[in-house]
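Engineer: Throw the hints in and build the complete structure from the sequences for me.
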Amino acid sequence: MAKILLEMKNITKTFPGVKALDNVNLQVEEGEIHALVGENGAGKSTLMNVLSGIYPYGTYEGNIIYNGEICKFNTIKDSEEKGIVIIHQELALIPYMTIGENMYLGNERGKSFSINWNETYGEADKYLKIVGLEESSRTLIKDIGVGKQQLVEIAKALAKNAKLLILDEPTASLNEDDSKALLDLLLKFKAQGMTSIIISHKLNEISYVADKITVIRDGSTIETLDKKKDDFSEQRIIQGMVGREMTDRFPKRPDVKIGDVSMEVKNWNVYHPLYSERKVVDNVSFKVHKGEVVGISGLMGAGRTELAMSIFGKSYGTKISGQVFMNGKEVKLNTVQEAIDNKLAYVTEDRKGNGLILSKSIKMNTSLANMKGITNGKVIDADKEYAVAEEYRKKLKTKCPSVEQNVGNLSGGNQQKVLLAKWMFAEPDILILDEPTRGIDVGAKYEIYCIINDLVAAGKSVIMISSELPEVLGMSDRIYIMNEGRFVGEVSKEEATSELIMSKIVKSGKGA
Amino acid sequence: MEKKISFSEILKKYTMVIVLVLVVIMFAVNTKGVMLLPQNVNNLVAQNAYVFILATGMLFCILTGGNIDLSVGSVVCFVAAVGGKMMVLNSMNPYLTMLVMLITGIAIGAWQGFWIAYVRIPPFIVTLAGMLAFRGLSNVVLQGQTLAPMPDSYLALFNNYIPDPFGKEGFNLICFVVGIIVCIVYVLLVLKNRADRVKKGYSVDPFGGVAIKMILICVVILAFMFRLAQYKGIPNSLIWVAVIIAIYTYIASKTTTGRYFYAVGGNEKATKLSGINTNKVYFLAYLNMGLLAAIAGMVTMARLNSSNPQAGTNFEMDAIGACFIGGASAYGGTGTVPGVIIGALLMGVLNLGMSIMGIDQNLQKVVKGLVLLAAVIFDVVSKRKSFIVK
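Taken in order, these protein sequences are the chains called U and E. Under this note's numbering, the final residue of the first sequence carries the number 512; numbering is consecutive throughout. Under this note's numbering, the final residue of the second sequence carries the number 390; numbering is consecutive throughout.
What the hints contain is simulated information worked out from the structure, not anything from laboratory work. Be aware that a few hints might be false.
Residues of chain U clear of chain E, computed beta-carbon distances all greater than 12 Å [as the list claims (entries may be wrong)]: (1) V336; (2) K352; (3) T375; (4) L410.
List of simulated lysine-lysine pairs, DSS-like, C-alpha gap at most 27 Å [unchecked claim]: (5) U/K252 x U/K227; (6) U/K445 x U/K378; (7) U/K384 x E/K272; (8) U/K384 x E/K32; (9) U/K378 x E/K365; (10) E/K368 x U/K372; (11) U/K3 x U/K227; (12) E/K368 x U/K399; (13) E/K199 x U/K378.
Among chain E residues calculated to face chain U with C-beta under 8 Å, some are [claimed, not checked]: (14) K200; (15) C218; (16) T256; (17) R259; (18) G266; (19) G333.
Ideal Cβ positions, reconstructed from N, Cα and C, are used throughout, including at glycine.
Structural biologist: This is the structure:
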């Protein structure tokens, strides 16, 4: 048996209100490629952040044993000194600097008051050759494609003397050929003795490249599969990722009669706002009925948020085409105000960035999308505003000392409730809920599910975008499956299973 | 239902008021009471009228996200130059002239607002350009000369005092009566509002605290009006300032338009996704700044009794300073008109007090700079746990 290079023992990491990692164990042998798989939010990235020192020693429980010694990393620099280098999902390169400058950022060659540019670019070129990138190190990052940028990231890691390379979704934004090249590069490094940990959703890639697979689910390690002994089929991996019990996690919905079609979207296309040749939503059509919860399932980056925001008053994307029908009549939703006027609401996935004003009161946040509801003319009726906020606080059971409290001081679950209150007060008929339970604890999730049930019971339509399969399965009457900008399947509540959805996603990904 | 308020909360909420009081006491002692002589109290208003007006407009720019307007000093000068040219050189009607000045200010505001709001050129750049351009244009309009004197009918609008029909020597009765009326109206409004809230079952501040606050505010108003009465009564400039403060306090706290400024500064993306036209909010901020700069231009022109190419120099810094000292957040979204007025008063008191004490002009700048820095440090640090950012 080869030497164990890294062992993470009983790692537990809690955030306020959430246990992100619960007693996780991971063993990585020297010279292997070890894959970490799990659903979104399972805790993979958190685990890697613990390992690389982003969450410093002392903020988690358990031990990291690297090369036989217990490590106490306080910053990323500490872990990098030991040769543990992480490459994040979002590329962290600065567009208007050269490849060479980026590679040695924070690690400059020469003396601190006199950078040795010849050494910088000379060394950089050497590493670029190793990763097989045929570009001068003096090229600006903005002038090369994402595939090449990913290679620059790897070259940068090598320049830091990496012994353990961690790649978080390295192929997420790459096309087939670039992905293949990258995976082959990892195999080449492996042959030279490099150890890698790779996080990926693309199971076909993992079976191709990995020696071992550790499955993480809900913050715990479930199992570790070994290529030599175990079945490495996608079916087997999916089973590990989703196989959990689902009793009592979702409130029963009273029998709601599903009515007429309330909204229909036909042939919807959206392009990326900056790279206008990139198609983000590709010819999507769907409909939702009154009293129905429609789930849209898919992995991060599938284009679900982009779809929703582009419908909601063209808040995202360029060159948007397609038709929207409300109650059978075509409508044009060119601004958010028009969307709201047509009784549509979009509850964002990013409640802190796009949803709430954290530095302002619950009261003010609740009324923001429907100021007409609390004003006479243009003058705010302070009493009415207070009463409205109070009403929704009680209705949604938001826990707070008073509605004058700043939203920033609330827990995630309560913030989510304020966000829901804001949009419920706008009195929509159709609500698009984007990841409505992201980052909130189980109890609050249950309450949010109850609110969704109340909404459809009142004849509203709910479109729920979620990366959590059990949630989609537990709540939806019908599920659309989205991958890489397209709808790749539609399943009814009766036929839907995690395995079916996951395999539809995985299979559709291969052809692209 | 009465809320409990801790001592430290009171301290935090009224920090600048307390500082203002301490500074006034300090100067009163150091100048052996000269600081509080009727004429000096009068000067505090007359000399600083432009700061109150500009700071009110600047607050709305800052609310949108810490954006400032560097051009106001130059705009004040340019508007005054236009006015001076019309009234002094061409002997045109003062009222027509004032209308033209207002339109000029609004047009300048629209020009800068367009670039900032719709094209999203950084406000710092647009208004820096305006600062240079309008200073230059003022010189062009005035041909480098000072135009004086202004017509009496124009000066009367700003520099005169509210006439006293009771005409008692040495004491302006109407001035003091107005002070009493203001106090009564204020107390009645507070009590009515409180009674309404109690009736509807909302939480209210403890009565003792409210009473103390009311008494203190009434004492200050009465003392202030008493001093003015001992001089020449209510200066017209005070009326201008009071009306502007009242209107903008109302807009900021009671109207949807005002609310949008706070929302944009708090989180622009969330505001936009709530169906609010955020471009229009930015535009209004600078449009309004142009309007108030025009009014400040009129006041300045009257006070100087001339329009000259150097008028308004550094006015933008006084306005910006007053906002930040008065508790406006450098990141936007926080700040009130009354707060800014306290900030402007503090600056005014520092100016006046130090001038009376005969402190060197350059040292005065040092003191004002340090006060500004201290105020913003306090604002920023008090919102987080550690002093140094890790």
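Engineer: Each of the hints needs a verdict: does it hold here or not?
Structural biologist: To see whether the hints hold, each was checked on the structure:
Once the 12 Å rule is applied to beta carbons, U/V336 is inconsistent with being away from chain E; the minimum gap is 4 Å. Annotated as non-interface, U/K352 brings its C-beta within 12 Å of a C-beta of chain E; the closest such distance is 8 Å. Not every CB of chain E is more than 12 Å from the CB of U/T375 (nearest about 6 Å), against its label as outside the interface. With 12 Å as the threshold on Cβ separation, the claim that U/L410 sits away from chain E holds: the shortest Cβ distance comes to roughly 15 Å.
Restraint check for U/K252 and U/K227: not satisfied, since their Cα atoms lie roughly 42 Å apart, outside the 27 Å limit. A hinted pair counts as satisfied when its Cα atoms are at most 27 Å apart, and U/K445 with U/K378 does not qualify at roughly 37 Å. Pair hint U/K384 plus E/K272 holds up; C-alpha atoms about 23 Å apart against a cutoff of 27 Å. Pair hint U/K384 plus E/K32 does not hold up; C-alpha atoms about 52 Å apart against a cutoff of 27 Å.
Between U/K378 and E/K365 the CA atoms are separated by roughly 42 Å; this puts the pair beyond 27 Å, and the hint is violated. Under the criterion of a C-alpha separation no larger than 27 Å, the hint pairing E/K368 with U/K372 is inconsistent with the structure, at around 44 Å. Distance check on the hinted pair: U/K3 and U/K227 sit about 17 Å apart at the alpha-carbon level, within 27 Å; holds. Our distance criterion of 27 Å between C-alpha atoms is broken by E/K368 and U/K399, whose separation comes to about 45 Å.
For the suggested pair E/K199 and U/K378, the alpha carbons sit about 25 Å apart, so the restraint of at most 27 Å is met. Annotation: E/K200 was flagged as interfacial toward chain U, and the flag holds, the nearest CB pair being 6 Å apart, inside 8 Å. The criterion of a C-beta within 8 Å of any C-beta in chain U is not met by E/C218, whose closest approach is roughly 24 Å, and the hint is violated. For E/T256, the suggested interface contact is upheld, since its CB lies about 5 Å from the closest CB of chain U, less than 8 Å.
The interface hint given for E/R259 is met, as the beta carbon of that residue sits about 6 Å from the closest beta carbon of chain U, less than 8 Å. The interface hint given for E/G266 holds, since its Cβ lies 3 Å from the closest Cβ of chain U, which is under the 8 Å cut-off. Evaluation of the E/G333 hint against chain U yields a held restraint, the C-beta minimum of about 6 Å falling below 8 Å.
Violated hints, in rising order: 1, 2, 3, 5, 6, 8, 9, 10, 12, 15; the structure is consistent with all others.
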